[in-house]
Amino acid sequence: MIHSSLAQLGAALRAKKISSVELTQGYLDRIATLNPQLNAYVTLNPEMSLAQARGADARFAAGTAEPLTGIPIAQKDIFCAKGWLTTCGSKMLHNFVSPYDAHVIEQFNRAGAINLGKTNMDEFAMGSSNETSHYGPVKNPWDTARVPGGSSGGTAAAVAARLCAAATGTDTGGSIRQPAALCGISGLKPTYGVCSRYGMIAFASSLDQAGPMGRSAEDLALMMNVMAGFDERDSTSLQRAREDYTRDLNKPLSGLRIGLPKEFFAEGMGADVAKAVEAAIAEYKKLGATIVDISLPNSRLSVPVYYVLAPAEASSNLSRFDGVRYGYRAPEYSDLADMYEKSRAQGFGAEVKRRIMIGTYVLSHGYYDAYYLQAQKIRRLIAQDFTEAYKQCDVIMGPTSPSTAFKLGEKGDDPVQMYLSDIYTIAVNLAGLPGMSIPCGFGENNMPVGLQIIGNYFDEARMLNVAHQYQLATDWHNRAPHGL
Amino acid sequence: MTWEIVIGLEVHTQLSTNSKIFSGASTAFGAEPNTQADAVSLALPGVLPVLNKGAVERAIKFGLATGAHIAPRSVFARKNYFYPDLPKGYQISQFDLPVVGQGALTVQVEPLSGNAKPYEKTVRITRAHLEEDAGKSLHGDFHGMTGIDLNRAGTPLLEIVSEPDMCSAAEAVAYAKALHTLVRWIGICDGNMQEGSFRCDVNVSVRKPGQPLGTRREIKNLNSFKFMQQAIDYEVQWQIDTIENGGKVQQATVLFNPDTGETRAMRSKEDAHDYRYFPDPDLLPLEIPSEWIERVRGTLPELPQAKQARYVNDLGLSAYDASILTASREIADFFESSVNTLFSQVRSAINLGAAPSAEPYAAKLCANWIIGEVSAQLNRDGKDMSQCPISAQQLGSMLQRIADGTISNSGAKEVFRTMWAEGGTADAIIEAKGLKQVSDSGAIEALVDEIIAANADKVAEYRSGKDKLFGFFVGIAMKASKGKANPAQLNDVLKKKLAG
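Protein sequences, first through last, are from chains V and R.
For the first sequence, the residue numbers in our numbering are 1 to 484.
For the second sequence, the residue numbers in our numbering are 1 to 500.
Keep in mind that the hints were calculated from the coordinates and are not lab data.
The calculated lysine-lysine pairs, modelled on BS3-like cross-linking and capped at a C-alpha distance of 25 Å, are: (1) R:79 - V:342; (2) V:286 - V:251; (3) R:79 - V:353; (4) V:342 - R:136; (5) R:482 - R:497; (6) R:479 - R:433; (7) R:364 - R:307; (8) V:377 - R:79; (9) R:497 - R:466; (10) V:286 - V:275; (11) R:413 - R:383; (12) R:436 - R:413.
Same shape as in the complex, but just chain R (with noise of 0.2 Å):
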């Protein structure tokens, strides 16, 4: 009989807001210790919190987004315990009212395995609640000592706890990874993992199907979606291996080692702390008027699923195409604006006969160069969709110019890769570069008799039924044409005259 696994997500998510959760403090990353720790960071006597807005504002944000109930109040609580790192000796967190409830996340998940197809998942969110973050304690920088920075101590955080929905590591690490689409695309995380502005506990059990739950080990502070992957798969190999080998899974806090690939135990149940959680008198409980909450519903992004749906309702677009375009918030803006210049320009300037209509046509165009182009040309040079070379627009008007025709798709090629490295416009590279190409009808007429009649043998053959060789008089055709050719047209003219 083979193993269930039972997976679990509890993501720490830093908001993006300027001020600390409950101080004024900075929250700026990379300072020298201890500069942005006011006297609420260092927890002075008499020092009381004040709760920052903004943080508020971005929890229910990411409610809405993932459909959940925002509580109209919720409470924040005191989490005690002692730690060098912990100024007060607790934490304020939120505890049995949290600010966001039930909500969902749908998921494509890629299956890692040979030949099996993407599928969709649906992970459900237990809750989302505010609280700051600790300190840093600085080990090694002093001898015998530890130093203890709190720059940090107070960032507001939003942890997101789902339900031991997930079966594989690859879901796991789908749900990681629209979790953290999400966060950025509504704008409430900056995403930086290797900053710690994105990390994740994942509960990891095995059971037996049909079999209650199993003892679960959780694995902290995973800071990188392959990490996730590989501490999972080596987590579940060794529970598995455990109990088969009639050893038991003691509940266990873990930490997973990237230079071996294992996870160790690092602190069993027995030192389980008791937190002592109450609700903490120097904060009112926090009330939220719906109208506070339609307010903010009136600053969230159009979401990626809503956005892939009308891709490919409205644009035409396939799903895979669609899925890419969506995977963050920068591309889908950079798609729709290059979409923009050229359907501007395409709907008016082109008549495509057939086509349906201009706007399939223009995202198509757009989706295609840039799934293609645009993303192998960032994959080569190490860069995100943020610090792309080139601008929507100045891909939209060159897109422009092979819709009408002036260059052609090879040509087209020549122009991005210039503008790539050396900037300028479409219209300025094909002049410089000589890369219009020729749709004067005579032009291509008298270049078709000149083939023709200097390939006499070869013409016979393809009259006498020979049609692959009409590939070899479109080759030698671009060929003296220095590709510059209009390739409709060229076929057309071969065509007509082929037929003799």
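The shape of chain V in the complex, shown without the other chains (with noise of 0.2 Å):
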């Protein structure tokens, strides 16, 4: 059962073969066989979680069951989900109880889906390896030495182990679809605003996004199926009819004009990722796709851009972690600033202290001009670049990331190393278009290869089509970690 899609398990809880609480339970207790040697959770509920599954098979007896109803989802620890533990990885809000749902929670519980649990992530999602969790790093599953990725490390681990049926991510710069990459596993960021950020912990509010992470484009149909949709408390959530994501999947992929970036295809990648990517588009060629060469000029600038806006937002948004109304207090200070600074000194971990700290410095007065404003000049001119490539492509493909996974504490002491993981994933979020990441090969010590397609804004749809039709004639998705 574990290695089944979220169709499969829908037919065998609607046939009666399980019910939702032996698949729950089922799942809880690999969970607890596997989950100290990978850290893939940090919250576990049985008891809520079962109750939801009672609730799920209730629905099988009345027949209103949906399509996810009764399926295992895990949440990544940055949504807020009432009753449960929200900690966003962060010593910040160790003791964080959420009051309420975020929209995507509610979407979920609406459609019946069982909240399996929180996954670990990078502190307020600020990472690409899964090292800067207050609750410690998340280990690939594919060879436990090595990182999942980040931020969305914990989730990418638990569907890449077979730890839930899928789950969710956020993607600020990459971080749903760099760890589905260097987990093997298929994810993706959908167009800025589609899914609503209401009660998703804001890193920076206008890169993030959440989308989900499952084991194939199929799956990551259905979940955008409960996941998309206009909600009122998001200003810029998007108003739009509601989509079915699975109504493309199976349209033939003759025509289809694929882009390659040459900026994506030089220095920096590594052979062996170079190789599964080469191999990947030939694929698509046989399919009918035509490859049409492309450039996107600013994307080289993407980096560092990010690197002001991010920050920049995030030291903006997380300033309501105070100490004043929730999460951690210094147990001891001298006076009100005191209070301030300790509870921030001790509740922060580096990263974040180091990204408050540079979006402080591109904030303020006599710098706002130099960085911040310019930094949005340059972020429009890489949204024109893909304007311009859609003119010639229907959508672009390219490496996720440079590499397969580093080894834990290889990038450790050097941030910037850290951050060009990123490299190729960062200009999607600055324009705010869909970009997916699937399993298209493996490279050097046999870690997986992500590739990545980047549609035009709300091409979900033809996305997850064009991911469909590779994995029916590929089989990489469905390759699992051995040994686990």
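Two chains, two frames, a set of hints: combine them into the complex.
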């Protein structure tokens, strides 16, 4: 059962071959065995999960089940879930039990899905290796000496190790796609505004986007049918008619124009990654796609632009963690300023502090024009590059990450090296476009390689089709880590 | 050489919406601490702001009422600083692109000194922008600790910033009062200064004429016009004394202490914050299409200045009367409603002879009574127009009885007093008190004949040229009729009969 797709699980539940309680308990047992090695989950609440499962079984009995009813889904610990510890991977929120549900959580609850547990993540989603979590690093199920990627590393590891049927992630600069690539699973970052950010703890508001992570494009489509949708409580949520993201899955790919940006195939990419990505492109040609060479000239600026804008927003978004109303407060302090200083000094980890400092700097008087404003202008140019490119092609493809999963601690001392692992994903967030990563082979050390597919605005259904057709022709997505 | 005073105001008006500017929490005043603080007011992790349309509409109203440009696209910015009653660690405000651009307000200034005459002054408004209020720190309620009440956090404010156009405390107070009247007039703010719905920060500097602007100090959070005047007077004198004694004014924020009448520095420029303003990425730019502006324009009432002009030009009132009757919308509404009640009667029932037309007569009669008796009684009872115990219709109906000659002015005063204290209609009171005046010409003639007969000596004196005695005859005739004789008729008959 643990290797089943969401569609198969749904069918088994509807046919009453298995109950949701049994399925949920099965995953909980597997988590109990494997999580100590992987550290993918930070919070489990078997009672609440099983209570939901009983509710789901009642829906099957009543005939009111929906496609994801009764299916255990893991939630990244960035989503507020009522009654659940919601820590965002930080000591700052080590004791925060959310009194309300994020929109995305509400949507899963309404659909009858089971919240199986909260997955580990980089602190406040800041990181590319899951090593900044207050709860310790997540291990890559393919090789536990290696990182799973970040910041949705716990989610990626949980999906790869079959510790849940599917899971949610969030992507600010690549945090769904990069860990999906490094763990050999599929992940989709939708167009900015397609999934509500309400109740999703903010890192960089103008870039943050929730999305599904799962074993296949088809699973992602089913997840999207639940997660996406307008929410009046998020002013940046887009008012659009509901879509069925599975509708185009089976369309043939003949005539598809795939743009290959020359900048994505230049220096920096590992030879093993290049080889796997090129083989995937070759497969697409076989499926009837044509290749177009394109250029995204400003994409080389996306990492520096991102590391101005994201910290700027983060420095402000994280001000609310001040020890006054909830979360961590230093046990001893002399006065108000001291309470702020000690609470934040003790509650935040090094990477979060680094970004708060960078963000505070780039917004401060005299530097705003030189950094923040300049970065916003370049951001627009980066988006325009994509608009130009989509005049020539339907989707853009390239590597998701320049290398396969690196070793724990390998880049810990060099934040800039770490930042570069998101070099192919960040431009997509800056432009607000949808992007996804699907497994396309293995590199050195037999670690998974991800193929990135970038679509035009609101083109998720087509992207899922493009990914699904590839997955019908290949079986990379069905490979699971051995020995677990 | 004398000193020149330069004053600019920043006025925070609390907009009269039922819910907060970025959430659905209630804005009602006086609830138990933190009972009106929802997840957004508490800045729980993950919550987001959603703009209240009603707040925007009120800002547009203000802009239209001051002839200002309404920005078709304005932007909300974050003003970042740490304070326990600022739950997000930033205030959502507007910075370089506010919703309301340049406008102006023309005000009547009543000089405070001696016999100077009132004059008009136009104060330019730089901008008005939407923002959220912070919460409140409760010192003293907890031993050694400070409590935080976030009921007020997120209350919508419109901050109205003026140019430094005012040169005296009188001008600043006149402008603040006019603004206070205006925001209540157009219904965007309840104007309750005790509850903090209308608070003023005053920037004051002094300079020698022709010199560049002096260093300013900002007097924070004044919530009474009296305090504003006292604070400005004190601050101006302090700045002049400081400079004349060879000192220098340092830029600072000061507080006014009403008990001592002094201003005191709260923080200097050195601890000025770097607010790190940047556009709030959680809110889209505020787009205001012209149709929306026009829709709001349609809901705007006739403004005080337009009303004043109409009262003078169409109703023939003096500028002074017109300005008093437009001091608040309640007074103007009361006036117009009483005029309408009276006018319908006056036009048909009274033949005013040489009077130009009925409406100015009705207007003047109502104006006199509202500015006179009604205001005096309200003052005496410590009430304002909204608490007036008699209605405009009641007053209008009573004035009808003056216009049609049923009662005299003095009789009317008695009707009015009774009506004020006990209620009831004018006709019922006139009937009950027997105040109907005598307009029967036969009865008046008989009365006059009687008086002439009884005062032969005085009649002789009058006829020999002592005109002043006319008043004496009116007096005793009125007394004899117990005040009920129609004065106009009585005058006519007396004149005729005394002439012999």
